[in-house]
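Taken in sequence, the protein lines are chains A and B.
Heads up, the first sequence is in this note's numbering, so the first residue is -9 and it goes up one at a time.
Heads up, the second sequence is in this note's numbering, so the first residue is -9 and it goes up one at a time.
Don't read these hints as lab results, they were simulated from the structure.
This structure is a prediction, so every number in the text was calculated from the model and none was measured.
Where chains are identical, the list cannot tell them apart; a pair therefore holds if satisfied intra-copy or between any two copies.
27 Å max Cα-Cα, derived DSSO-like pairs, lysine-lysine:
no., residue 1, residue 2
1, Lys208, Lys74
2, Lys154, Lys186
3, Lys249, Lys186
4, Lys151, Lys171
5, Lys74, Lys215
6, Lys249, Lys222
7, Lys101, Lys124
8, Lys120, Lys169
9, Lys207, Lys(-7)
10, Lys244, Lys37
11, Lys191, Lys207
12, Lys223, Lys208
13, Lys151, Lys249
14, Lys37, Lys74
2 protein chains.
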Amino acid sequence: MLKPIGVFDSGIGGLTVVREMVRLMPHEDIVYFGDTARMPYGGKSRKTIIKYACESVDFLYSKNAKFIVAACGTVSTVLEEVLKVFASPKYNIPILGVVGPSCELAVSLSKNHKIGIIGTVSAIRSEHYKFVIKKIDPNVQVFQNACPMLAPLIENGFSRKNDKTLANIAEIYIEPLLKEKIDTLILGCTHYPIIKEVISKIAPSIKLIDSGQAAAKKLCHLLTKSKLTSDKKTPGELTLYASDLTENFSENTKLFLGKETKLKLCKF
Amino acid sequence: MLKPIGVFDSGIGGLTVVREMVRLMPHEDIVYFGDTARMPYGGKSRKTIIKYACESVDFLYSKNAKFIVAACGTVSTVLEEVLKVFASPKYNIPILGVVGPSCELAVSLSKNHKIGIIGTVSAIRSEHYKFVIKKIDPNVQVFQNACPMLAPLIENGFSRKNDKTLANIAEIYIEPLLKEKIDTLILGCTHYPIIKEVISKIAPSIKLIDSGQAAAKKLCHLLTKSKLTSDKKTPGELTLYASDLTENFSENTKLFLGKETKLKLCKF
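Sequences and hints are given; from them, build the entire structure.
Here you go:
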């Protein structure tokens, strides 16, 4: 199978998922679409997020993707509605979000059945993470908090600054969850792996679930099961499309991906 | 003249300009469009901001506006390019931004000819404020700093919280300008009047230029001069269109406008 895996996100935070995919599946070609012209999605309405997600899926479908990954916590909370739109046999393309894999991993790792979730306002208000966890194990107690400032702080370079601004704000958000005695915390936004160390210092004894790692592992399993893995012997190619070349684009691409990459700017 | 004034912004921060307009011109009907489905514009590319601004102008033109106000610091820095698009006699509609009025007022008030500007990344990198000030008075020294976190903090309710997060971040941004001995500071984003008191505490002896006040005063003058003022004897109506009903929409509308208002959600 020589078709690429399609990955999309509201912006380029989803590249933390790509980073894990490349590590686990180095021979896969990947086509990534970041909707930077309309990002962030985290405060937008459910209806608008569904519309944008469908347009991204359509774009990746046109790029001949064999499998699509919604590398975004916010989008993954509306994925069921998106799947309905693409249910026709015309499409016939599997779509994986980050919510399911993160919740499965969290439930399997939690010892005291108290799981915390942090994410964007839209993702948290949807209560979708909670719904998915309760479906896996109704006895788990779920505590969640929206963290609208974390992604903007990361996007604007605060994770590389020496001042304590980011840690202070992260603490305000995470403290109420620690008070509930959670032992596992889902990082429900693909930006958050960038500040894993900051969060570890705030919550040193808590197991942190990186949605990118969880989703990449699940994807690897599904590709093998469906015989969709790449036949390539050489390293896979990553092609990056974005709807806008935003002000901090190249710094952030490097930050999220961990290296420079080639870029194709998509007209959208 | 019974036509409304059209006002647009990337989101609803521009309502701080509307508030000043209503105070100065209480009989004017106002049609406002906030592009909440694609906000914020402050980190987006010049090309994308021009495209979005043109779509907003087109929308307000379709609403029969007699005069259009770009109630957004970021959009106002690309206004010359937007004006070129709407230069055809078919449109024949005047468009006013916030940069010109703010710069004129700042130059007239500064005693030591050292003016500071704070705004979004796109607005500051464009150097447009600097260009306009130097055109008015080439002897003025201009110092500027991009403040990408201020608008998200305000949008997410930090101006109403008792903690010092917002003041600390604002201080990081404003301190370098104070070191340059500015005596006047342009609040180059229509969100910033909301935190005028916070900024006053950081910069107590500095004259703060509220772009909304400056633009509303200029607009009042231009309407009178062009005989475009309203004939109404009753209070003007404000109609609010937005491209998305975002998560914090009603709280923020109230915050920026100072009161509740009726809303028409625009399909965009």
